[in-house]
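**Student:** For reference, the chains in residue letters:
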Amino acid sequence: MRNENEANRAWLLYADMIRRLCTVQLKNYADVEDVFQDVFLKYILRDGPFISDAHEKAWFIRVAINACKDVQKSAFFRRTIPLEELCGEQTAPEDERELIAAVRALNPKYRSVIYLHYYEGYSAVEIAKILKKKENTIYTWLARARQLLSKRLGGEQDGKETAKRT
Amino acid sequence: MEKKLRSALDKIYAEDALKEKTMRAIRHKARKKPVIARLAAACAMICLLLMGGIFSRLYTNPYAYVDLDVNPSIELTVNRYGRVIGLSSYNAEGAELVADAHVRNASLSDAISRMLDAMFINGYFGRDGLVSVTVQTQDANAEVNLLGAIESSVAAALLSHHANVPMDIYVVSQQTKSEAHEKNMSPAKYLAITELKAVDPTATYEGCSGHSITEIRRRTSDHTSGHHSGEGANRHHGNHGGRHE
Chain A
1 MRNENEANRA
11 WLLYADMIRR
21 LCTVQLKNYA
31 DVEDVFQDVF
41 LKYILRDGPF
51 ISDAHEKAWF
61 IRVAINACKD
71 VQKSAFFRRT
81 IPLEELCGEQ
91 TAPEDERELI
101 AAVRALNPKY
111 RSVIYLHYYE
121 GYSAVEIAKI
131 LKKKENTIYT
141 WLARARQLLS
151 KRLGGEQDGK
161 ETAKRT
Chain B
1 MEKKLRSALD
11 KIYAEDALKE
21 KTMRAIRHKA
31 RKKPVIARLA
41 AACAMICLLL
51 MGGIFSRLYT
61 NPYAYVDLDV
71 NPSIELTVNR
81 YGRVIGLSSY
91 NAEGAELVAD
101 AHVRNASLSD
111 AISRMLDAMF
121 INGYFGRDGL
131 VSVTVQTQDA
141 NAEVNLLGAI
151 ESSVAAALLS
161 HHANVPMDIY
171 VVSQQTKSEA
181 HEKNMSPAKY
191 LAITELKAVD
201 PTATYEGCSG
211 HSITEIRRRT
221 SDHTSGHHSG
231 EGANRHHGNH
241 GGRHE
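Chains A and B supply the protein sequences, listed in that same order. Those letters in the first sequence? Residues 1 to 166, by the working numbering. Those letters in the second sequence? Residues 1 to 245, by the working numbering.
Because the hints were derived from the structure by calculation, they are not lab data. Glycine included, each C-beta is placed from N, C-alpha and C at the ideal position. There could be a bad hint or two in this list.
To give an idea of the interface, some chain A residues facing chain B are shown, with a C-beta separation under 10 angstroms as derived from the structure [to be verified]: (1) W11; (2) V39; (3) F40; (4) L41; (5) D53; (6) E56; (7) R97; (8) L99; (9) K109; (10) S150.
Taking the hints into account, I'd like the entire structure generated from these sequences.
**Tutor:** See below:
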């Protein structure tokens, strides 16, 4: 079991990342609190060591995404609150908020890959390893997500990763 | 898109209040114990949750009541997870359907579809059919989602039977629900009879309970010059419990 110092260290390194994941995935602040408690409790209770910092970060990403999925499953009657309420004072200019709203309107699985690719800078291959999915699945998700975002926002698509099918 | 997304998300961070709340919660939950005792306690907690206790209480706690009135009249009790945990009827036709229904633990949407299918199969949709659905819940935030889910299910069921039948779907207050329950009828029928009594004092709840809502509204319309309501009524949303205030 990890101690509070380790929890604090993990908070400094990963809390903002988890908060951003929650912003794109979840509907209200109570769910964000639930996810944080779930993720950090799992971290505290996890006994096995991490191979590397990258391994640790990937673990946090996977656990946070799964925690968001669990919360979404039980959120049958919860209402969606506007982005401004979910982020409190952390509001961005209108065009950026539009983009975030467009991302939040995507299917949950697309939201994660958009965030991991465009913000965290992971390649499709890396995302596939983190989420334990096939590479082609991630390529497909990224392509579809970009298509949907482009349609909604009427802007350019970033064609960074194109599907590599054999 | 990448620059904009990065710029937007850069502004998001984990708040101090969130950190305090999280740390307080995990300190409380993750007390130091020997590994084996912790595992045993965790297993015991999981068993307790799975076999009864908190989950059972949450699962079996009524969250909303959905009354479906086609004449048969039935009531579905729904939990916070959108699952049917109770089914009852207000009349003999409803009792027959309820006896054969297997909708416990089904989703609300599924349950409504199956009950409407059963009503069609048993020939309960006459020439002047009407589907009246009322919802009563303590959680005002849940009303919109509930109404949406119900409307979709009813519309899909009507479409599948090629039925051009109007539907009324709306929220009622707890008071209206209680008053209807005392009269052993659905809130929709109770409200229809209440409207009739306002224009025809000879009408009684007991006397009208065996009539369909369409028939009751037709009678109301007959008594009210120049007003037509009920038949072919369009779908509308509103808290009809407020009409009694």
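**Student:** Does each hint fit the structure? Answer for all of them.
**Tutor:** Here is what the structure says about each hint:
With 10 angstroms as the threshold, the beta carbon of W11 (chain A) comes within range of chain B, its nearest partner Cβ sitting at about 6 angstroms, so the hint holds. Look at V39 (chain A): its Cβ gets to within about 9 angstroms of chain B, closer than 10 angstroms, so that hint holds up. Checking F40 (chain A) against chain B: minimum C-beta separation of about 5 angstroms stays under 10 angstroms; hint holds. With 10 angstroms as the threshold, the beta carbon of L41 (chain A) comes within range of chain B, its nearest partner Cβ sitting at about 5 angstroms, so the hint holds.
Given hint, D53 (chain A) at the interface with chain B, is violated; its Cβ is 19 angstroms from that chain's nearest Cβ, farther than 10 angstroms. The beta carbon of E56 (chain A) comes no nearer than 17 angstroms to any beta carbon in chain B, farther than 10 angstroms, and the hint placing it at the interface is violated. With its C-beta approaching chain B no nearer than about 7 angstroms, R97 (chain A) sits inside the 10 angstroms limit, and its interface hint holds. Against a cut-off of 10 angstroms between C-beta atoms, the interface hint on L99 (chain A) holds, since the closest Cβ of chain B lies about 5 angstroms away.
Nearest Cβ of chain B to the Cβ of K109 (chain A): about 17 angstroms, over the 10 angstroms cut. The hint is violated. For S150 (chain A), the shortest C-beta to C-beta distance to chain B is roughly 8 angstroms, which falls under 10 angstroms, so the interface hint holds.
In terms of the numbered hints stated before, the structure departs from hints 5, 6 and 9, listed from lowest to highest.
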